[in-house]
Amino acid sequence: MSKRPTWVPAYLVAVVLALCSVASQAQDATYTLDADFDLGTLTNVNHDSPNNDQLQINTTTSTFPILWIANAGEDTVSRINTDTDCEEGRYETWFFGNHMGNAFAGPAPSRTAVDGDGNVYVANRHFDNKPPSVMKILQSGGIDRNSNGVIDTSIDVNGDCIIDRNDPAEFIKLLDNNPANGILDPAELLDERVAWVVQVGGAGATSDLGRSLCIAPNGNIWLGTFTGGAAYYELDPATGATLSGPHFNFESNYGCLVDSDGTLYGADLGFNMAILDTNNPADFSNPATGGPQNYGIAQDSGHVYLAGLNGGSYTRYNKTTGVFDNPAAVSVATRGISVDGNGDIVLGTSTIYKFNATTGAVIWSTPNPVGFSDQRGVIVDSNNNIWVVNKNSNNVTKFDEDGNFLATVPVGNQPYTYSDATGLSFVSSSGSGFWNVVNDGGSIDIDWDSVTWNTEPEAFIPPGGSITVEARADNDLNSLPILPFTPVTNGSSPLGLSGRYIEVKATLTAAPDETSPVLSDLSIAAVADESACDMDQDGDVDRDDVKIIFGLRGTTVAPPGTPPDLDGDGEITVLDARKCVLQCTLDNCVRPVTKGGPVRRINR
Numbered sequence: 168m169s170k171r172p173t174w175v176p177a178y179l180v181a182v183v184l185a186l187c188s189v190a191s192q193a194q195d196a197t198y199t200l201d202a203d204f205d206l207g208t209l210t211n212v213n214h215d216s217p218n219n220d221q222l223q224i225n226t227t228t229s230t231f232p233i234l235w236i237a238n239a240g241e242d243t244v245s246r247i248n249t250d251t252d253c254e255e256g257r258y259e260t261w262f263f264g265n266h267m268g269n270a271f272a273g274p275a276p277s278r279t280a281v282d283g284d285g286n287v288y289v290a291n292r293h294f295d296n297k298p299p300s301v302m303k304i305l306q307s308g309g310i311d312r313n314s315n316g317v318i319d320t321s322i323d324v325n326g327d328c329i330i331d332r333n334d335p336a337e338f339i340k341l342l343d344n345n346p347a348n349g350i351l352d353p354a355e356l357l358d359e360r361v362a363w364v365v366q367v368g369g370a371g372a373t374s375d376l377g378r379s380l381c382i383a384p385n386g387n388i389w390l391g392t393f394t395g396g397a398a399y400y401e402l403d404p405a406t407g408a409t410l411s412g413p414h415f416n417f418e419s420n421y422g423c424l425v426d427s428d429g430t431l432y433g434a435d436l437g438f439n440m441a442i443l444d445t446n447n448p449a450d451f452s453n454p455a456t457g458g459p460q461n462y463g464i465a466q467d468s469g470h471v472y473l474a475g476l477n478g479g480s481y482t483r484y485n486k487t488t489g490v491f492d493n494p495a496a497v498s499v500a501t502r503g504i505s506v507d508g509n510g511d512i513v514l515g516t517s518t519i520y521k522f523n524a525t526t527g528a529v530i531w532s533t534p535n536p537v538g539f540s541d542q543r544g545v546i547v548d549s550n551n552n553i554w555v556v557n558k559n560s561n562n563v564t565k566f567d568e569d570g571n572f573l574a575t576v577p578v579g580n581q582p583y584t585y586s587d588a589t590g591l592s593f594v595s596s597s598g599s600g601f602w603n604v605v606n607d608g609g610s611i612d613i614d615w616d617s618v619t620w621n622t623e624p625e626a627f628i629p630p631g632g633s634i635t636v637e638a639r640a641d642n643d644l645n646s647l648p649i650l651p652f653t654p655v656t657n658g659s660s661p662l663g664l665s666g667r668y669i670e671v672k673a674t675l676t677a678a679p680d681e682t683s684p685v686l687s688d689l690s691i692a693a694v695a696d697e698s699a700c701d702m703d704q705d706g707d708v709d710r711d712d713v714k715i716i717f718g719l720r721g722t723t724v725a726p727p728g729t730p731p732d733l734d735g736d737g738e739i740t741v742l743d744a745r746k747c748v749l750q751c752t753l754d755n756c757v758r759p760v761t762k763g764g765p766v767r768r769i770n771r
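When we follow our numbering, the leftmost residue of the sequence shown carries the number 168, and every step to the right adds one.
By construction, these hints were calculated from the structure, which means they are not laboratory data.
Values in this document were obtained by computation on a predicted structure and should not be read as measured data.
You may find that some hints are simply not true.
[As the list claims (entries may be wrong)] Ranges of calculated distance between the beta carbons of each label pair, as one might list FRET restraints:
| no. | residue 1 | residue 2 | range |
| --- | --- | --- | --- |
| 1 | 539 | 311 | 44 to 52 Å |
| 2 | 509 | 218 | 19 to 27 Å |
| 3 | 449 | 264 | 30 to 38 Å |
Every residue gets a Cβ at the ideal spot worked out from N, C-alpha and C, and that includes glycine.
Please build the complete structure, drawing on both the sequences and the hints.
See below:
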């Protein structure tokens, strides 16, 4: 941007000096360089060379660096940092029923599902004659239920990389202050990273066993029951409320995943595969696989893979043709199965195998150093490393993508997870990547005006692809993760959101041919404060005030945000004038118009 001469009329200088004592305005933000995008969280997107200073979807799918392990023998969930191999937190999923060491008694959590924000949902199966229940644990933030100004949550205080269940500083137990009602009330959730827990199905589902859990593209949660009516329920991710169901499909539902078009594919503990349209749940079928007995389930864009419990390695289902086959070059028995970031299949127990998904050829096999330990899950993390859940030895083993052993990490008693425990399946099945950023406006109760994106030449959306943007705002940074996002229209104002902090989430979805869209830039703007626009201090915002700001274009101010630097970039520009035009209180205010729409600052 070319700057005007630094000379300005003396009276304008006086106005600026007079306003220097006024509080700084809300900090607008523009993200367009690599360093800008790095202020947010990149999930399955990158700004790698030669495509710097823009975001596009990864060619190798990645996810959050967190592994969530349900410990069925003690009714907890472990949070493992997959970069450091440390247990960072452990959360009780129900009141412990004194069944330590028995994964088939009491609440017995097992299935997990991870959403696009890294939050985990865990299903308690409930062998204790209660309906199945689902708990949501936040990846960040929390609910300050005791109003002490901090989020009280499980944490590794002594840095030994394992949570001590007997140390209240590291592990926060649930408080059963009303044992007679037999449920888990919000007031009993003392770990404030736990957002909610709900029982599903009511009194009629007391022995139904929640053994299937997955997330649809719209973010809604689907819980499948194993016995009783054998049905699916749709839950609201924000509250846990049942949105629909029971949708009876009459299968022993044992695990599920949802495709990008909303089709739910489910494993039963038999020889059928459940297919259910989450957009029209009455549309379901349960075709016979013709393969070995099912257990775990995985998918890529074109196929579903069912783990072979008693051998056969896996059964493959072609989503386009509806044909099942068994292409594995060797036959092994397995419970867990996953598709890694490169599209290869990993599975195994005491020996871990990687298969080529197209040919069924074995790429490598490697022994599990703990031996046979009634292994359950085989899970892929954000670095394409492989984690094997060893139920009987109370730990997980880690291998790199080439099969080299890396670590054994202790977790809770009887770890049982073999569903989507990192979010990789959700991310890969959606064909999407995500970028989240939080902007601090600097003061409470800021009214946010607009979010604008892709104003630069590098911006690109392929046919069939998309970029969608959502936002949420609050005065409490820790409360953001519990709020629902609001869809945002490019450049539309005002947003109708208020708070010191605004979080913006951009979702990049690839075209059917896997071509990625490009997010070149994104800007967040707050509604201007009328008092900051009253340059001549006559009590009105009108044409005279806008003229003063135009006359100051190119002037730098310190600190940034000093009126009329309303976007907080340290320089008075036409954008500051535009914000005050939108705040005019008199009819004589003329809105400056430029060819092609409002002028926007490009920070390149």
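Out of the numbered hints, which ones does the structure contradict? none
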